[in-house]
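The listed protein sequences correspond, in order, to chains A and B. My numbering puts the first residue of the first sequence at 1, with every later residue one more than the last. My numbering puts the first residue of the second sequence at 1, with every later residue one more than the last.
Calculated directly from the structure, the hints in this document are not laboratory data. Do not rely on the hints blindly, as some may be mistaken.
Cross-link-like lysine-lysine pairs, in silico, DSS-like; alpha carbons within 25 Å at most [unchecked claim]:
id: 1; chain 1: A; residue 1: K10; chain 2: B; residue 2: K259
id: 2; chain 1: A; residue 1: K392; chain 2: B; residue 2: K10
id: 3; chain 1: B; residue 1: K10; chain 2: B; residue 2: K77
id: 4; chain 1: B; residue 1: K117; chain 2: B; residue 2: K295
id: 5; chain 1: B; residue 1: K303; chain 2: B; residue 2: K292
id: 6; chain 1: A; residue 1: K385; chain 2: B; residue 2: K108
id: 7; chain 1: B; residue 1: K271; chain 2: B; residue 2: K292
id: 8; chain 1: B; residue 1: K89; chain 2: A; residue 2: K191
id: 9; chain 1: B; residue 1: K342; chain 2: B; residue 2: K305
id: 10; chain 1: A; residue 1: K259; chain 2: B; residue 2: K10
id: 11; chain 1: A; residue 1: K185; chain 2: B; residue 2: K192
id: 12; chain 1: A; residue 1: K192; chain 2: B; residue 2: K191
id: 13; chain 1: B; residue 1: K185; chain 2: A; residue 2: K192
id: 14; chain 1: A; residue 1: K192; chain 2: B; residue 2: K192
id: 15; chain 1: A; residue 1: K185; chain 2: B; residue 2: K185
id: 16; chain 1: B; residue 1: K271; chain 2: B; residue 2: K89
id: 17; chain 1: B; residue 1: K108; chain 2: A; residue 2: K387
id: 18; chain 1: B; residue 1: K267; chain 2: B; residue 2: K279
id: 19; chain 1: A; residue 1: K392; chain 2: A; residue 2: K341
id: 20; chain 1: B; residue 1: K385; chain 2: A; residue 2: K108
id: 21; chain 1: A; residue 1: K118; chain 2: A; residue 2: K279
id: 22; chain 1: B; residue 1: K140; chain 2: B; residue 2: K428
id: 23; chain 1: A; residue 1: K303; chain 2: A; residue 2: K326
id: 24; chain 1: B; residue 1: K387; chain 2: A; residue 2: K108
id: 25; chain 1: A; residue 1: K108; chain 2: B; residue 2: K392
id: 26; chain 1: A; residue 1: K191; chain 2: B; residue 2: K185
id: 27; chain 1: A; residue 1: K140; chain 2: A; residue 2: K266
id: 28; chain 1: B; residue 1: K108; chain 2: A; residue 2: K191
id: 29; chain 1: B; residue 1: K266; chain 2: B; residue 2: K295
id: 30; chain 1: B; residue 1: K191; chain 2: A; residue 2: K185
Fair warning: this is a prediction, and the values are worked out from it, not measured in the lab.
2 protein chains.
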Amino acid sequence: MDRIDGIIQKGAVEPDELAAHENGIVTIEGFIHRIREMTGFSFVIIRTKRDVVQCIYAPEFSDFRWNENIVENCSVKITGKVVASQDAKGNKRYEIQIHNVEVLSTPKEPMPIVINKKQLDNVPLDTNLTMRPITLRNPKERAIFKVQEGIARGFREFLMQNEFTEIRTPKIVFAGAEGGANIFKLDYFGKKVYLTQSPQFYKQMLVGVYERVFEIGPVFRAEHHDTSRHLNEYISMDFEMGFINSFYDIMNMETGALKYILELLKKEYSKELELLQVKMPEITEIPVIRFKDAKDIIVNKYKKKITDFNDFEPEEEQLMCDYAKKQFNSDFIFVTHYPSKKRPFYAMDDPEDPEYTLSFDLLFRGMEITTGGQRIHDYDMQVEKMKSRGMKVEDFESYLMFHKYGAPPHGGLGLGLERLTMNLLGFKNVRNATMFPRDINRVTP
Amino acid sequence: MDRIDGIIQKGAVEPDELAAHENGIVTIEGFIHRIREMTGFSFVIIRTKRDVVQCIYAPEFSDFRWNENIVENCSVKITGKVVASQDAKGNKRYEIQIHNVEVLSTPKEPMPIVINKKQLDNVPLDTNLTMRPITLRNPKERAIFKVQEGIARGFREFLMQNEFTEIRTPKIVFAGAEGGANIFKLDYFGKKVYLTQSPQFYKQMLVGVYERVFEIGPVFRAEHHDTSRHLNEYISMDFEMGFINSFYDIMNMETGALKYILELLKKEYSKELELLQVKMPEITEIPVIRFKDAKDIIVNKYKKKITDFNDFEPEEEQLMCDYAKKQFNSDFIFVTHYPSKKRPFYAMDDPEDPEYTLSFDLLFRGMEITTGGQRIHDYDMQVEKMKSRGMKVEDFESYLMFHKYGAPPHGGLGLGLERLTMNLLGFKNVRNATMFPRDINRVTP
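Pulled out of the complex, with its shape left as it was, chain A reads as follows (with noise of 0.2 Å):
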């Protein structure tokens, strides 16, 4: 009988190993990104899982002899010597003569559209977005979301070593946090259920058993209108702390989060920051503003007229991400004590004038990518609140448990993955920063 003791073997080498075994002979997997003919030899270009490898093939090599069943697109297993020579800007980079080729599969057809230059040439978003299957194949394409993955690591990294308990809630759940129409109804056996807004109720009722906890999820908004902004199911990071002295800890938290992600990117994910030429942003403090003085500064210095007293249009956060970058040379600004009205129910009114929240926004070049603020622990008010705004009191029975069973003072946030992306990497569309977006005429693929 066979035993699999899960000893892993080494795979074939990366590219990025090539060094060490210059003058020596290797083998390595990949897919062959692009073929070059040239007079005499070819060059072989191997896409590996984060990399791509220059090869040459030349009949002085070996006596291994190219065929034309060896195209673009299959996956090969290429075994050669390793040689230094210099890239287009003289740096020493290496290549591997090739001395055997043993192609382990085949594609049907050839590429429909040119995924093996630097980038996406003329191939327009929905055409990228329908042949996903193969245009992340383009590298600067899955870079984007090895930053990506980046991005949600060091969010979680962080919020691990502040002794954050990583949670997975429902999905599926009986009321939606944000209330409102845009929530996707589901059929459950008769029962009528919904698709999560926010992870919300779970983050606060964990707060009660864990203090500090956080959630990399999707959550789902039925958006109707189509923009450039809005998905309807996107990735949410969310933390939720207790035994908070104000709002300023969860702001703080934020921001020690993001410095952290951004470095981590450049430790890890050099590559790929590279390749998408990024302008990373440096942080040493985040500039904080009210609601009230934003609006003030909107109508004074960009004689901007008011039209929605309570909250932004996204023409005004782009005018105050251009004031925080002038002012203080920062990409980013906090936008605090929104307007009660527009906040949720479960939104901490300011004891000073409970007109006003307490609450923030985070804008990062010209979008709100975080909403989060403290939030109400005492049984009483958060009931009152909830009559106030007519809602049923006894459809809340198990969130309100958390209150009225002690609730330490409690604040979170959400940070959309997507839209952090995609200002971080200079997009002007989420879907660019977005595997396999959703959108009201989009499902597939």
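Take the given structure of chain A and dock chain B to it, following the hints.
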């Protein structure tokens, strides 16, 4: 104007840091878990993020005087002197002589059930689940999900060390990966869409991009039957890897991951393992048996009559685990080469006997916790198999782009987080290992 610098101040002292403060004054934060009044003094047990610590109130320790508003389930900040003492077994521990109690919040009502004993005594599972916001505050209950955090963390860490990329794929999907009736339908702006049964299609597409990918995320099954081992929403830990030599590579990677998880739990979650009195399995090697041979053993050794020749009954899984334990002293056993009929359309048939597949299940302590195997990578072979099953190939155009434009030999698996937790901790019902279970009767809290 305020600025936020993201420099996180060290919070209150945690119980496991008390040793460093012997005879010093510290401040701790947490919930009053339990008050036991004695003659002339009281024990006050404080529950912190991950621990409980014994404090002692007595008038002689300070000028501070207890009052009737300081009750169980208050959130408090306690200042006091750290003194060495002994637990019931004579081990050294530290407690705090209270100098001051600052009450941060007060519950509306006393707990309706007892949560501050060692475990939830005489609380039926259904009550436990209905009252999750408070029952999870019981130290033993919350320890379950701290261990669960560790399991998922170990899976992730191990795969990242082995060059896997973390992915997050859509939960609203255009087609089910597993087929069958147990799929939730959703009205999506007039289109009929589904909740994902598995990230299968996306994992495979992304093997073409990153070669090795994993995801830890929710999946949904519209199970109509109410059993102790099924959930309608659960967390699937999935990976998929390209350039495999055989499906044994998948089993090896899983075995490596399980070993890593068990080590991580022992190292970082020993507090919880001890509290839960977990009998940890040992893995040196996991035995492997073919499905056909397993059925023979069930007939010949266990004298059971086979009714389903294509799959295991739950009782048969138990028998095979019994066999693995007795024969190989293993809590785990891989069963391979399941009949093609009962495996999904993307499973690779065994070229030596196409009635069987290059697939496996992993059984652990009486239950299947993983299904995995090699997948078809050849376009024509995949289309052929879909047609032979009466599937509409045109509905899977985007999925099949992966095969059409070059897919390497690959395979992967899905590992149910709750089932693994359940069997590791020795529960009889998967709901015990699920924070907020969804089943045919339950969508709350």
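Against which earlier hints does the structure fall short, listed by number upward?
Of the numbered hints given earlier, those the structure breaks are 2, 4, 7, 8, 28 and 29, listed in rising order.
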